[in-house]
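Top line first, the protein sequences correspond to chains A and B.
The opening position of the first sequence corresponds to residue 90 in the working numbering, with each subsequent residue numbered one higher.
The opening position of the second sequence corresponds to residue 90 in the working numbering, with each subsequent residue numbered one higher.
Mixed in with the good hints, there may be bad ones.
[Said to hold, decoys possible] Which residues of chain A face chain B? A few of them, derived with a C-beta cut under 8 Å, are:
1) Arg-108
2) Glu-111
3) Ala-248
4) Ala-341
5) Tyr-344
In case anyone wonders, no lab produced these hints; they're calculated from the structure.
Yeah, the Cβ is synthetic: ideal placement off N, Cα and C, and Gly gets one too.
There are 2 protein chains.
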Amino acid sequence: MNKNNANFAPLTPVGFLRRAAETCPDKIAVIYGEQRYNYKQFYQRTCRLASALKKRGINRGDTVAVIASNIPAMLEAHYGVPMLGAVLNPLNIQLDSKTISFILQHGEAKVLITDCSLSPRIQQALAMIENPPLVIDIKDNNCKDGELLGELDYEALLAEGDEDCDFSEPQDEWQSACLLYTSGTTGNPKGVVYDHRGAYLNALGNMTSMGLNQNSIYLWSLPMFHCNGWTFTWAVTAACATHICLRKVDTAVIYQLIKKHTVTHMCGAPIVMNMLVNAADDIKTKFDHTVELATGGAAPSSTVINSMEKIGFRITHLYGMTESFGPSLVCSWKQEWSELDADERVGKMARQGIRYVTSEKVKIAHPDTLQEQPWDGHTVGELMLGGNTIMKGYLKNTQATDEAFRGGWLHTGDLGVRHPDGYIEIKDRSKDVIISGGENISSLEVEQALYKHPKILEAAVVAKPHDKWGESPCAFVTLKQGEVASSEDIINFCRDELAHFKIPRTVVFGPLEKTATGKIQKFLLRQQAKELE
Amino acid sequence: MNKNNANFAPLTPVGFLRRAAETCPDKIAVIYGEQRYNYKQFYQRTCRLASALKKRGINRGDTVAVIASNIPAMLEAHYGVPMLGAVLNPLNIQLDSKTISFILQHGEAKVLITDCSLSPRIQQALAMIENPPLVIDIKDNNCKDGELLGELDYEALLAEGDEDCDFSEPQDEWQSACLLYTSGTTGNPKGVVYDHRGAYLNALGNMTSMGLNQNSIYLWSLPMFHCNGWTFTWAVTAACATHICLRKVDTAVIYQLIKKHTVTHMCGAPIVMNMLVNAADDIKTKFDHTVELATGGAAPSSTVINSMEKIGFRITHLYGMTESFGPSLVCSWKQEWSELDADERVGKMARQGIRYVTSEKVKIAHPDTLQEQPWDGHTVGELMLGGNTIMKGYLKNTQATDEAFRGGWLHTGDLGVRHPDGYIEIKDRSKDVIISGGENISSLEVEQALYKHPKILEAAVVAKPHDKWGESPCAFVTLKQGEVASSEDIINFCRDELAHFKIPRTVVFGPLEKTATGKIQKFLLRQQAKELE
């Protein structure tokens, strides 16, 4: 009894769009400003993209880079490129031209689809490349600046294609679908490769974890270039739900769209929640329904969770990384938590949680022996993941791949504990732990204490070299608009929250350096801390 | 970049139970009368089953048959057997001893786990087998009759096993997981073989189609022996929901359990809905919530849908067959239907619908040319399916397998149309079409007309040989309790509902012969019709 065309098909996220176009062709698939595409049109546009690229000589395994905001063309690339068997390489729009040129060369992009608003930086990047890729400009009425770089604009390319194409890729579900560069804090970025199977499964995982269905309305507040929008680029389509595109994370616009389109789901780094909570009252358009908001990257603080709930958001905490197709863990809500008091409840919710139904294994283990740690809520170990929703490996970097997969597990570099109820809680990145007088201090714990301070908008804590103790905690904080506080205020506040040795000895005020995805760049803060007198 | 233990794992429905035991060990997994198992205990019992069978010499690829009602042991077998790499062969509990002996021999069962209530028939079946399998009796306080047949009872077998076992099966997700015999209406039953991959995917398909989540409570009103309970045996566990076992479909008990446990989901053939609707008022325990009820096998009539909704059920129509792991199509609800009047709305709901997100392809096509028919709502063709949730094939029957998969599609033998909105509607089984004077008459259409008659409980229409017209429609009807009607009443009623040539010429009153799964046995009615004067 063999596999045949009747009983076997390679898993691919492209199939979700084929199905949506077949089963709900008239359903609104994409909303962008005043634009509307239904699923039939969405699919036809991706077919045009695939067949136009094919005519331009792009074949299975070729890399097609795209650098764009959360606009329809970006979403279309998530189907049109893998449909052809080619590899989609979405770039972070905030990268500098040197890094962009590195990625285009390392990934051997044959085509670059680029948002016109980025043209100065892209032009610089292309100038550094000996054999630059074919450049396709996305013209967009919503971006007035920026000149066209290439021979061809995106709509003209689509016009070359055939809306009735029918590609039978992938031939094998292990085939590469995407290439995503991690914003490495040191050295060159590494190219994480995704296969079709993993993308398909993680999308189904999102669908079940977040309860997406055909009535869902998803707002694109999370960058699509970030792990393919945590694979929601495909999950929303799998659910036959509606995508609302968004060029720029603007708090006022987000509130208006939530109200206007009855948004049901969105994702965002903690910075997005901070922006939503701390927005001026006059731009907080009120809405009557509940918005499911998935967040990740850092544990949401109790203050933020409580404030968000009051506005109408229900927060779900996810955990993942580029190497795991975005989310792999979800802090799945337990009915009995409803009976806990607010602080306890938020304490449960701030944990990273349990594995997705599509994620095969997870453990908190000793980083060297790989021995699993007890589920006692306090023995720290490294978080390790495994299963079909883990990357194939790093492109052209066998050493880094082997290291990441040592012993048959993906080593995340995050340190955490496992509670008796099976829920995982991250305590810190292994490189962010502060060792003071031989004691480990979790920078996260200190940050959580700082976030309780009513005047603090954002906080990050890193190690500062210390003559006597080796290292000491150094806090970088941004105050809320109009607020004033001194180092002493902050340090005194921490006395009630933290053990003595964990209290920051230095407090630096000002904005925090962040990556394009809203991650605070601790390595820069660490340098700054080192240079402080 | 190769597959390794960090980035690849064979898909298997057994993994859902491992995850539930890991992530919600204390959650109630199984309720049966006064018995309760949490997910940790459920998993431990399946580990015991697997390791005990292993000790008794059962290995990868061996067949383990089970014949039991919807009791915990039956559910446990769905994990304990495939966990070991062995093949689970659930038998229909209503089969006669001759068929049971045929299946045990054809499937080469090494073990038979049998419900004590069935012992007389099983004893006869075993007597016909030269080398009978090892027999394990399930003792159950809820079944008093029946003697023990084997050397060993089920709990004693579990006691031989190890609750901490850790099997790494399947090695390959294409490995066989289950063997299910179709209740062939002629000739010997055929053994449909399921692989682990298909079982995993169809379970996820159910989860998303029916909106199962960790708060769901699933009542086992559908036999687990029927396509592994349409793969809900695994879907409910994937959702970390609760299974409520049920030895016997008893209307009063079902209503009590719905109320007592706030049942959220159940499945059932139309006969189950008929029983629920037509139950006496005093056994219809009232409940305040909505129960999602998935049905399949025949389109629910508007009368039944309306009555069910009044009681508190929301009906979803599914379509599938043993060869497709149970459900492959779902009549997914569209928001705009809410605005239709009752009859139109029910007309939409009674269709078989669109493919599951995990189902790869479907078409209504000409049975010979395989050419797809237009989506016009009236051109009839054969329903054909394909994808990962289609069987591997029929055991030891290459000819039937090749025939079923001709041209790379599963030929369902069902005739239907596709509406302009992409929804499929079955008109008839190909062999159930009545050809009268050269005109095709859909027996289903005539049945739907009959179901509108206020006194009719059940109806089935078959072809009766006719000298002049070739065939004519012959109706078999069961009246509701206490009701009286004549053939003329019924025929006159049909005049308002059907074209003249479709009106039954003969009406036969009495109970209808059914299979164990509630399917009306039309081949028996056809014989009866032939023998009528």
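We went through each hint and held it up to the structure:
1. Arg-108: Holds: closest Cβ of chain B sits about 7 Å from Arg-108 of chain A, inside 8 Å.
2. Glu-111: Holds, about 6 Å.
3. Ala-248: violated (27 Å)
4. Ala-341: violated (29 Å)
5. Tyr-344: Constraint on Tyr-344 of chain A not satisfied, violated at 24 Å.
Figure legend: structure checked against the earlier numbered hints; hints not met, in rising order: 3, 4, 5.
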